[in-house]
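Take a look at the letters that make up each chain.
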Amino acid sequence: MIEIRIHGRGGQGAVMASKILVSAAVLEGKHGSAIPDFTFERRGAPVKAFVKIDDQYIREKTQVYTPEFLIVLDPSIKTAVDYYEGIADNCTLVINYPKLPGDVPEKVKTIGYVDANKITIPLFGMPMVNTCMLGAFAKVTGLISLDSIKHGISEIMEGMKDEMLEKNIHAAEVGYKEAVIVEYKGRD
Amino acid sequence: MGETIDKIKWLLTDKYANKALEEEIRDIEDLLSPGVSTCLGCGAEVGLRIALKIFGKNTILAIPPGCMGGVGVVGYGLTTGAKVPVFFPLLDNIASMLAGIKRQFNRKGEKVYVLAYAGDGGTADVGFQCLSGAAERDENIIYICYDNEGYMNTGIQRSGTTPYKAWTTTTPVGESRRGKPQVSKNMPLIMAMHEVPYVATASIAYLEDYATKLKKAAKVEDGLSYIHLFTPCPTGWRFSTDKTIEISRLAVETNFFPLWEAKYGKIRFTKKIWFKKPVKEYLKVVGKYSHLTEEEIEEIQKLVDERYDMLKSLAR
Amino acid sequence: MIKVVDGNQAAAFGAKLSKPDVIAAYPITPQTPLVEYVATMVARGELDAEMVEVESEHSALSVLHGAALAGARTFTATSSQGLSLMYEPYFRTSTLRLPVVMCIVTREMISPQSVWGGQQDAVTVRDAGWIQLYVENNQEVLDTVIQAYRLAEDKKVMLPVNVCLDGFYLSHMAEKVEIPEQDDVDRFLPPLKMDYIKLDPKEPISVDPLTPGGLLTHYRKKHMEGLENAKEVFEAVDRDFGEIFGRYYHGKIEPYRMDDAEIALVTMGSMSGTARVMVDKARERGVKVGFLKLKMFRPFPKEEFRELLEGIDVVGVIDRNVSFGFSSGTVFYELKSALMGHHEPLMASFIAGLGGMDITKGHVGTVIRFLEKIQQTKRVEKEVIWMDLEEEIWEKPLTR
Amino acid sequence: MEEYLDWIAPIGKDLYVIRTGEWRYQKPERDHEKCKKCGTCLIFCPTGSIYVEDERYETDYEYCKGCGICARECRADAIIMVEEVRE
Chain A
1 MIEIRIHGRG GQGAVMASKI LVSAAVLEGK HGSAIPDFTF ERRGAPVKAF
51 VKIDDQYIRE KTQVYTPEFL IVLDPSIKTA VDYYEGIADN CTLVINYPKL
101 PGDVPEKVKT IGYVDANKIT IPLFGMPMVN TCMLGAFAKV TGLISLDSIK
151 HGISEIMEGM KDEMLEKNIH AAEVGYKEAV IVEYKGRD
Chain B
189 MGETIDKIKW LLTDKYANKA LEEEIRDIED LLSPGVSTCL GCGAEVGLRI
239 ALKIFGKNTI LAIPPGCMGG VGVVGYGLTT GAKVPVFFPL LDNIASMLAG
289 IKRQFNRKGE KVYVLAYAGD GGTADVGFQC LSGAAERDEN IIYICYDNEG
339 YMNTGIQRSG TTPYKAWTTT TPVGESRRGK PQVSKNMPLI MAMHEVPYVA
389 TASIAYLEDY ATKLKKAAKV EDGLSYIHLF TPCPTGWRFS TDKTIEISRL
439 AVETNFFPLW EAKYGKIRFT KKIWFKKPVK EYLKVVGKYS HLTEEEIEEI
489 QKLVDERYDM LKSLAR
Chain C
505 MIKVVDGNQA AAFGAKLSKP DVIAAYPITP QTPLVEYVAT MVARGELDAE
555 MVEVESEHSA LSVLHGAALA GARTFTATSS QGLSLMYEPY FRTSTLRLPV
605 VMCIVTREMI SPQSVWGGQQ DAVTVRDAGW IQLYVENNQE VLDTVIQAYR
655 LAEDKKVMLP VNVCLDGFYL SHMAEKVEIP EQDDVDRFLP PLKMDYIKLD
705 PKEPISVDPL TPGGLLTHYR KKHMEGLENA KEVFEAVDRD FGEIFGRYYH
755 GKIEPYRMDD AEIALVTMGS MSGTARVMVD KARERGVKVG FLKLKMFRPF
805 PKEEFRELLE GIDVVGVIDR NVSFGFSSGT VFYELKSALM GHHEPLMASF
855 IAGLGGMDIT KGHVGTVIRF LEKIQQTKRV EKEVIWMDLE EEIWEKPLTR
Chain D
905 MEEYLDWIAP IGKDLYVIRT GEWRYQKPER DHEKCKKCGT CLIFCPTGSI
955 YVEDERYETD YEYCKGCGIC ARECRADAII MVEEVRE
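Residue numbers (the working numbering), protein chains in the order written: chain A, 1 to 188; chain B, 189 to 504; chain C, 505 to 904; chain D, 905 to 991.
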């Protein structure tokens with residue numbers, strides 16, 4: 001089973017991103033479950049969401065404590081929460097950052113970064129980075145295809161205006177294209 | 189002299205109004221059981237019998253806990269006290285249950301009057317929240333509050349509509365307290381301020397006026413109609429059983445309980461009082477005010493005048 | 505149709521497919537999205553129902569009383585404080601024999617102030633005459649809502665049903681769910697017929713006259729018979745459902761790896777999935793442990809428990825709630841009294857997952873080890889164990 | 905109705921009636937000569953006990969509780985309350 005934890009701020013769509021990931025996994029014949037952290041989802045407040053993906057049906061309805069994959073929608077929350085808490089060995093970090101972030105723990109073996117703010121602010125007028133980061137996640141991890149992510153966006157954002165849907169799919173595509181992958185060997 | 193003129197006026201006008209109403213309703217089947225165990229001279233019973241005659245058989249009637257529930261309108265054991273479908277809502281969910289019934293009948297495409305005949309406790313106090321909610325949602329129900337100014341079924345306790353200084357068993361008269369220390373909740377005005385299609389006050393002394401208002405309420409299709417019916421209680425107010433109607437009339441003639449109606453919040457008086465009487469004439473015949481001093485009566489007169497003036501300033 | 509939906513949405517789909525006439529609900533965490541989903545379905549015209557956006561939970565259930573008396577199939581959902589505000593009409597729904605279906609998205613009761621999960625709300629109203637079904641995952645949420653209508657409206661039952669889903673752990677957890685076809689649901693669920701109690705000018709009767717004690721006792725007895733009938737009817741409903749939809753949930757209690765078990769775990773709600781995983785793990789170690797998922801908490805399936813636990817050495821019950829006054833978990837004490845005078849295994853009560861706390865694999869693993877110890881020593885040293893408070897037995901929940 | 909659904913919920917069908925005439929300690933008596941047939945007594949009677957027969961207003965003593973409202977409201981003074989005498 002693969003466990004993913006998504007960190008972001010209320011309004012950036014961390015919870016929706018977790019659902020999109022599950023929808024994408026299900027399209028690929030896998031199983032998945034997404035649970036948000038149960039804090040108040042206030043705009044700006046740090047939020048978490050947990051995703052599990054497996055070939056088998058996921059029976060346990062629990063949170064994620066030792067994620068192998070970490071998606072950070074907003075690195076500025078690190079003063080408020082330790083998003084590296086409990087990460088597994090060989091962790092993969094997918095982070096919204098314009099360059100390779102420093103100060104990454106050694107357990108992180110792969111880093112993917114993309115400047116999602118730069119991509120999404122012109123699209124949405126604000127850093128609604130969730131779909132862009134999922135595009136990056138698809139490229140960095142290779143776990144799920146970009147096409148499946150796009151399907152997930154259409155399913156979970158059902159009911160949204162077509163224009164918004166298109167923008168989100170576009171954001172995922174750009175995120176996929178622009179994500180930079182670095183095999184991380186610990187601090188220099 | 190004033191009294192003589194008054195009597196002449198009564199003979200000239202109201203008598204014929206009674207006649208018209210009487211001719212209209214006397215051959216209509218009484219949809220209430222002929223023998224229900226209301227107190228002698230019960231004002232609320234008058235109001236219910238007339239209401240059922242006006243609305244007729246195509247009515248679903250709600251009788252919540254209170255006097256009318258207690259006297260057997262919903263029946264006892266395996267019986268029913270009415271010839272229309274009647275049910276016993278909770279004291280605090282009257283308007284919500286009515287709304288549910290009406291919604292389902294609407295859904296079935298069947299027209300039916302869904303009517304509550306509820307006391308002031310279930311209306312102005314514990315049931316107020318759901319009534320206000322139903323009014324705001326424009327539920328198409330008809331709600332009659334029979335106001336006997338207290339919890340009479342359980343033995344004369346104060347309610348939100350119990351008037352200032354009135355004696356009840358929970359607002360007794362003693363050295364440090366002299367009846368209810370607060371003024372009554374102005375329930376009909378609160379309902380009018382919901383800007384629902386129809387709100388009216390009515391009195392069992394002016395049945396022709398009441399009947400007209402019931403008919404207007406029946407015509408409403410786009411929201412809630414509310415009628416606040418003044419029904420003196422000989423048992424709880426301490427007066428002899430034959431004076432129920434007379435006291436109701438005095439309450440209107442002294443502006444203690446003015447008669448008006450409001451369509452979508454726009455208020456209009458329906459009974460012009462040509463010869464306004466001092467409120468003292470009303471208070472002195474009602475036993476629950478027998479402890480009042482001249483000063484207290486003056487104070488009540490002032491409150492009655494103020495409330496009437498406020499209403500006048502709102503009326504068209 | 506396969507969709508990824510959370511528990512609230514699954515419940516909304518279950519309601520929609522059951523074609524209710526009148527829906528009334530008031531939003532409360534964690535049930536709020538359920539109301540939004542239903543309102544959206546109505547707004548989009550996908551669900552043809554009267555939606556009443558009431559001003560309180562008390563009114564939500566009250567509107568349904570009126571609607572049901574006018575012959576409507578009805579739906580609502582609530583949680584915690586909303587349920588306790590509903591208590592007055594709640595009791596009356598069952599005693600008037602109105603087949604209302606209501607989801608309880610379970611949550612702690614205040615105080616202390618909490619908006620998170622726990623089954624305290626729903627188990628506290630267990631003696632109000634409703635049927636209560638607790639579910640494990642989102643597919644079961646959806647399926648059980650549909651089943652609930654068949655059960656509630658069965659002429660041998662005619663009682664309201666709660667479908668209880670764990671707040672957040674199910675209500676906000678998204679996973680794959682198969683949405684049944686409307687035709688199949690229509691085949692499974694016939695239209696509602698209410699003719700034993702109704703408000704209709706064509707047949708004027710009174711509903712709920714003042715009733716003397718002797719007659720009231722008669723109604724109580726009939727009510728209890730209805731609840732007892734529900735046990736048998738639910739088995740049939742579940743089996744029928746399995747035939748049409750290919751998903752069978754084993755009725756009131758689902759046994760898991762119980763065939764040769766000596767130790768049994770009893771769970772209710774979403775923790776059951778975690779229990780499955782840990783029972784499998786313990787089996788790998790050679791521990792003869794199985795588990796029983798209690799789905800029908802009300803009426804309490806006493807007879808089935810007696811049968812299923814015949815010959816079992818140790819039983820542990822994990823409760824996401826407490827029974828104040830009996831001083832254990834609620835399911836624990838109900839089970840304990842059900843077994844009285846029959847085969848009585850050694851029993852321990854585990855209280856876990858209150859106030860939104862996770863019941864982790866570590867927790868369940870610890871419970872199983874505890875039960876093993878009881879089996880070895882043949883002694884219950886401590887009958888009630890508070891999972892997160894008793895350091896000596898609590899393994900860190902991070903244990904995977 | 906099917907057997908299962910017999911008397912499972914509290915409903916009432918037959919009419920609940922109390923012979924409230926037994927409550928009376930005073931009784932209205934009408935002077936038909938004085939009666940102006942205005943109908944006031946009929947509409948105000950709480951128990952609905954006044955009826956018209958052969959154009960005369962009569963009281964149904966089966967249900968009249970003897971409250972006295974009819975006598976009080978009658979403007980023609982055609983009704984008086986007398987002591988109820990029961991044999």
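No wet-lab data here; the hints were simulated from the structure. Among the hints, erroneous ones may be present.
[What the hints assert, rightly or not] List of simulated lysine to aspartate or glutamate pairs, EDC-like, C-alpha gap at most 20 Å:
hint, chain 1, residue 1, chain 2, residue 2
1, A, K109, A, E85
2, C, K882, A, E183
3, D, K940, B, E298
4, C, K785, A, E155
5, B, K271, D, D918
6, B, K207, D, E957
7, C, K697, B, E298
8, C, K507, A, E155
9, A, K30, C, E682
10, C, K507, A, E183
11, B, K245, D, D918
12, C, K507, A, E85
13, B, K245, C, E707
14, C, K785, A, E28
15, A, K109, A, E183
16, C, K702, D, E957
17, B, K271, C, D704
18, D, K941, B, D493
19, B, K245, C, D704
20, B, K459, B, E409
21, B, K296, C, E550
22, C, K697, C, E707
23, C, K702, D, E988
24, A, K161, C, D704
[Stated by the list, open to error] According to the in silico footprint, chain C covers these stretches of chain A (three or more CB under 8 Å from chain C):
hint, stretch
25, 27–37
26, 56–63
27, 162–170
[What the hints assert, rightly or not] Label pairs and their in silico Cβ distance ranges:
hint, chain 1, residue 1, chain 2, residue 2, range
28, C, D744, B, E212, 52 to 60 Å
29, B, E469, D, E988, 27 to 35 Å
30, A, K161, B, D493, 54 to 62 Å
31, C, D552, D, E959, 50 to 58 Å
For each residue, glycine too, the CB sits at the ideal point set by N, CA and C.
Going through the hints against the structure:
{"no.": "1", "hint": "A:K109 x A:E85", "result": "15 Å, holds"}
{"no.": "2", "hint": "C:K882 x A:E183", "result": "55 Å, violated"}
{"no.": "3", "hint": "D:K940 x B:E298", "result": "44 Å, violated"}
{"no.": "4", "hint": "C:K785 x A:E155", "result": "35 Å, violated"}
{"no.": "5", "hint": "B:K271 x D:D918", "result": "9 Å, holds"}
{"no.": "6", "hint": "B:K207 x D:E957", "result": "16 Å, holds"}
{"no.": "7", "hint": "C:K697 x B:E298", "result": "17 Å, holds"}
{"no.": "8", "hint": "C:K507 x A:E155", "result": "8 Å, holds"}
{"no.": "9", "hint": "A:K30 x C:E682", "result": "14 Å, holds"}
{"no.": "10", "hint": "C:K507 x A:E183", "result": "36 Å, violated"}
{"no.": "11", "hint": "B:K245 x D:D918", "result": "16 Å, holds"}
{"no.": "12", "hint": "C:K507 x A:E85", "result": "32 Å, violated"}
{"no.": "13", "hint": "B:K245 x C:E707", "result": "10 Å, holds"}
{"no.": "14", "hint": "C:K785 x A:E28", "result": "28 Å, violated"}
{"no.": "15", "hint": "A:K109 x A:E183", "result": "6 Å, holds"}
{"no.": "16", "hint": "C:K702 x D:E957", "result": "38 Å, violated"}
{"no.": "17", "hint": "B:K271 x C:D704", "result": "11 Å, holds"}
{"no.": "18", "hint": "D:K941 x B:D493", "result": "38 Å, violated"}
{"no.": "19", "hint": "B:K245 x C:D704", "result": "10 Å, holds"}
{"no.": "20", "hint": "B:K459 x B:E409", "result": "25 Å, violated"}
{"no.": "21", "hint": "B:K296 x C:E550", "result": "19 Å, holds"}
{"no.": "22", "hint": "C:K697 x C:E707", "result": "15 Å, holds"}
{"no.": "23", "hint": "C:K702 x D:E988", "result": "43 Å, violated"}
{"no.": "24", "hint": "A:K161 x C:D704", "result": "45 Å, violated"}
{"no.": "25", "hint": "27–37", "result": "holds (count 6)"}
{"no.": "26", "hint": "56–63", "result": "holds (count 6)"}
{"no.": "27", "hint": "162–170", "result": "violated (count 0)"}
{"no.": "28", "hint": "C:D744 x B:E212: 52 to 60 Å", "result": "58 Å, holds"}
{"no.": "29", "hint": "B:E469 x D:E988: 27 to 35 Å", "result": "32 Å, holds"}
{"no.": "30", "hint": "A:K161 x B:D493: 54 to 62 Å", "result": "60 Å, holds"}
{"no.": "31", "hint": "C:D552 x D:E959: 50 to 58 Å", "result": "57 Å, holds"}
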